[in-house]
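Those sequence lines, one after another, are chains A and B.
Going from the first sequence to our numbering is simple: count from 1 and add 75.
Going from the second sequence to our numbering is simple: count from 1 and add 19.
In short, the hints are calculated from the structure, not lab data.
One should not assume that every hint holds.
Unchecked claim - Computed far set for chain B versus chain A, every beta-carbon distance over 12 Å:
{"id": "1", "residue": "G266"}
{"id": "2", "residue": "W297"}
{"id": "3", "residue": "R381"}
{"id": "4", "residue": "T445"}
{"id": "5", "residue": "G455"}
Stated by the list, open to error - Calculated lysine-lysine pairs in the DSS-like style (CA-CA distance at most 25 Å, straight line):
{"id": "6", "chain 1": "A", "residue 1": "K408", "chain 2": "B", "residue 2": "K377"}
{"id": "7", "chain 1": "B", "residue 1": "K163", "chain 2": "B", "residue 2": "K107"}
{"id": "8", "chain 1": "A", "residue 1": "K299", "chain 2": "B", "residue 2": "K220"}
{"id": "9", "chain 1": "B", "residue 1": "K377", "chain 2": "A", "residue 2": "K397"}
{"id": "10", "chain 1": "B", "residue 1": "K295", "chain 2": "A", "residue 2": "K299"}
Cβ atoms here follow ideal geometry from the backbone N, Cα and C, with glycine treated the same way.
Okay, here's what each chain looks like letter by letter:
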Amino acid sequence: MKQNLARAFSVCALGATLAVGGAASADDTIVNNVRDRSIAYAVSGGHWGIYQTGDGKAECPDGLNDVGPRETFKMLFPDDGTKRSVVDTQLAREAAIWAPEDKEYKFPYHLAGGKVGLGLNLDGKVGPNDFTTPDGEKGIDNQLFRAMGCLRWLRGPDGIGYHFSDLYMKQFNYNRALIELTNVDSLADDPDVDVTIYRGLDSLMADATGAKTMPGGTQRIDAKFGQKFITHLKGKIVAGVLTTEPVKEMYWPFAWFGGNPGAQHILDMRMKLKLTQEAANGFIGGYENLEEWYYGLARGRSTHHLAYGSVSAPGVYQAIHKLADAYPDASGKNTAISMAWGTDLTQVFIQRRPQEVAAAPASAPSKSEPAGGRH
Amino acid sequence: MRYLFAAAGALAVAFTASAFAADASKSTAMREDYIRPPMPAGFQIVPTELEGPVFADSKGMTFYIWPYKTMRVGNAGDNENMSACDTKPTTETAGMMSPYPPGLVLPELDKRLSCAQVWPPAYASDTDKPVGNFSVITRSDGKKQWAFNKKALYTSILDKQPGDVMGATGRRERGDGPAEREPVGPAPNIPPGFAVITTAKGRLLLNDKNYSVYTYDKDQPNKSNCVGTCAEMWAPVIAPAAIQPTGEWSVVERAPGVRQWAFRKKPLYTSTQDTKTWSYQGSDTPGWRNVFTQVAPAFPQGFTVVDNEVGETLIGPNGRAVYFYTCGDDSKDQLACDHPAAPQAYRIAVCGGGSVEKCNQRWPYLQAAADAKSTSRSWTIMEIDPKTGHHATPGQAGAIRVWAFRDRPLFNFFGDTKPLDLYGNTWGEFNGKRNGFRAFVVRDDFFDAAN
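With the hints as extra help, turn the sequences into a complete structure.
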């Protein structure tokens, strides 16, 4: 069953791919999109690192969450003919969302259990609360999955949080993260590559139906409004899998909702991506500050939208605080939670305007090539 | 008397006639020209700082319409030739604001005004006859009301003098925002093939496909110096062969038979690089500018504009992002609750979880320096009682001087610690559009929100 589902959902497929990356390494003989020792990819999909089985019993032994804003409202204020005020009902529920720290959440909220999960080993350790990937990698740090994994809202393919997160990555250019690899000698194995993250400006190139994203499109860098996204990392490619070193923090273009450009602010961020000439996919991992992440969710998804998936924002707030596993404050209380974001990228060519060329991270000539690189 | 009427005193303090005399809309050079339609006796057209010329009653008070809008549940606003704005105050919610049900008792019923008190109908007499696009409709109570293009006309209780457009919500909200009223005015005097829209920067000139038009600093009056590769990047806006210059509009002969529109003697172009409508991206190229029929009033001294991930946003004199508050109640009237004269329970729920103290700590008012002065009709300073959120009475102890835009106070967010931080953006219900806070976006390249 698990193997079947792993084929059905890209997140799970990714986990399998990463684990057997050597068998699926790039074939440079077919097409070479590495130009001047550089290759770039643009985001074309994304979703939270949620491991799921068909019936959900393995990871959600207590069941999926089904008490969201509508259900909570009905429990608190039954339709019994009582005349109630906006202040005592609707605004009281809004207050519980926007100032949850003072509110004790008294409704059922199920956490994900089990030992199988997706993501990255962030601390290099194998701890008691860590997950193991479906393919056996231990030490996976992703407590956000434990907090959110039993929300049908985030479960693919039908949860609307899952659906729209992926759609927004394709649809809205303010989500267009670009990853540029420079100093690349081989997409199969290279011990030292440079990775730069930008926000792009342009739509993805599609096939004639408009439905399928195609490699080979062009992207301009958002140099005016996208400065906060520009991040440099060092990485290595082993058996076709890029692994970067962590950076202290980075912003990943991310809008919880259409029309509200934003970012995931990820601490100790690193990525692990399976590379081919035409695509890259894998996980971004790190830690999210609890308050930033929670209010990002609340600001991005209104009560109305959360109600579609029976998502209780106060319940989520309490869950992430309970499961926080990093960045302790002076009192020893953790202020951040480990996470994994699954990302799908499609190869693009970055089109630099004249004033941007000088600032571009140029690849040094290959040791095996004359100065000037390949042409 | 009632909270809404208290606004008059604050306005009188915050604004003097001399301020309006200095504003851009009074400047002939930058005032938008318009087509003068036939109007009923006593009606007039007045310039405004933000909305261009608007229709007004005999006292100069701006006319508004209430566009019909599909809500999450049901519809609100006026159908053609009808008014849904009643004289009886509503008492309950209408349940348009999912996921909450209808029938909840609205706040402060003892002070609540009817829709027709907040939005006085433009009453007509029984003998008034249609004039041009102005017609007379019959309200549900049998009274007659003027309409423009079949939409009922109202004035606003918040407007105090000619040229005010305070009745419209502070910033327009599309999507899940309230069913807002909009000022209505004459068509701009522009040739076929052009359009004008209201933005945070002013009344922006577009072509008829809503793409921005630009001017080039190196052009001369009625002479284009953009040729060759320049003209490949910047497409001249071609004028029809038979068109004649009129008013502010002239025609430049680029080559025999190739004629280019010019506005205020500046040749017009579109950018071949623009991938979206009403874009400002062309103006990022040195020497190229967007075109406005009139510009919005300048921000007060100390306010600055910065680039961040949502576009250009406004920073207050204290170096922190400026936010505005939007609120529409869930009644069938869709009355605004974003004004100090309105009930504050909505705001206090989302900014402080119901606590005034927490609200003032997390979402403090953007206070004005002791020597700061209002600079225009749109940017004013008002006295607020922070304990109630309402206007302070003259000389009230504990009152604070607060910057306001369009007669609504402005705010900071306590989570923002650096000028580029926007951690409070879209805070509140429906991404801050129904009951919440949004950053003051001046230029939005992503979702057309800066208007």
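Would you say G266/B is clear of chain A, with no C-beta pair closer than or equal to 12 Å? Holds, because the least Cβ-Cβ distance between G266/B and chain A comes to about 35 Å, which exceeds 12 Å.
Can the restraint linking K163/B and K107/B be considered satisfied, given a maximum Cα separation of 25 Å? Holds, at roughly 17 Å.
Checking one constraint from the list: CA of K377/B to CA of K397/A, max 25 Å. Satisfied? holds, 24 Å
Within 25 Å, alpha carbon to alpha carbon, are K299/A and K220/B? holds, 18 Å
Tell me if the straight-line CA distance from K408/A to K377/B falls inside 25 Å. Answer holds: K408/A to K377/B is near 23 Å, not above 25 Å.
Please settle this one: G455/B was flagged as non-interface, so is its CB more than 12 Å from every CB on chain A? violated, 8 Å
Does R381/B really sit off the interface, with its C-beta more than 12 Å from all C-beta atoms of chain A? Its Cβ does come within 12 Å of chain A, the nearest being 8 Å, so this is violated.
Does the claim that T445/B lies outside the interface with chain A hold up, using a Cβ gap greater than 12 Å? At roughly 4 Å from the nearest Cβ of chain A, T445/B sits no farther out than 12 Å, so the non-interface label is violated.
25 Å Cα cutoff - pair K295/B, K299/A: Holds, at roughly 16 Å.
Non-interface claim for W297/B: all C-beta distances to chain A beyond 12 Å? holds, 15 Å
Of the numbered hints given earlier, the model fails hints 3, 4 and 5; all others are met.
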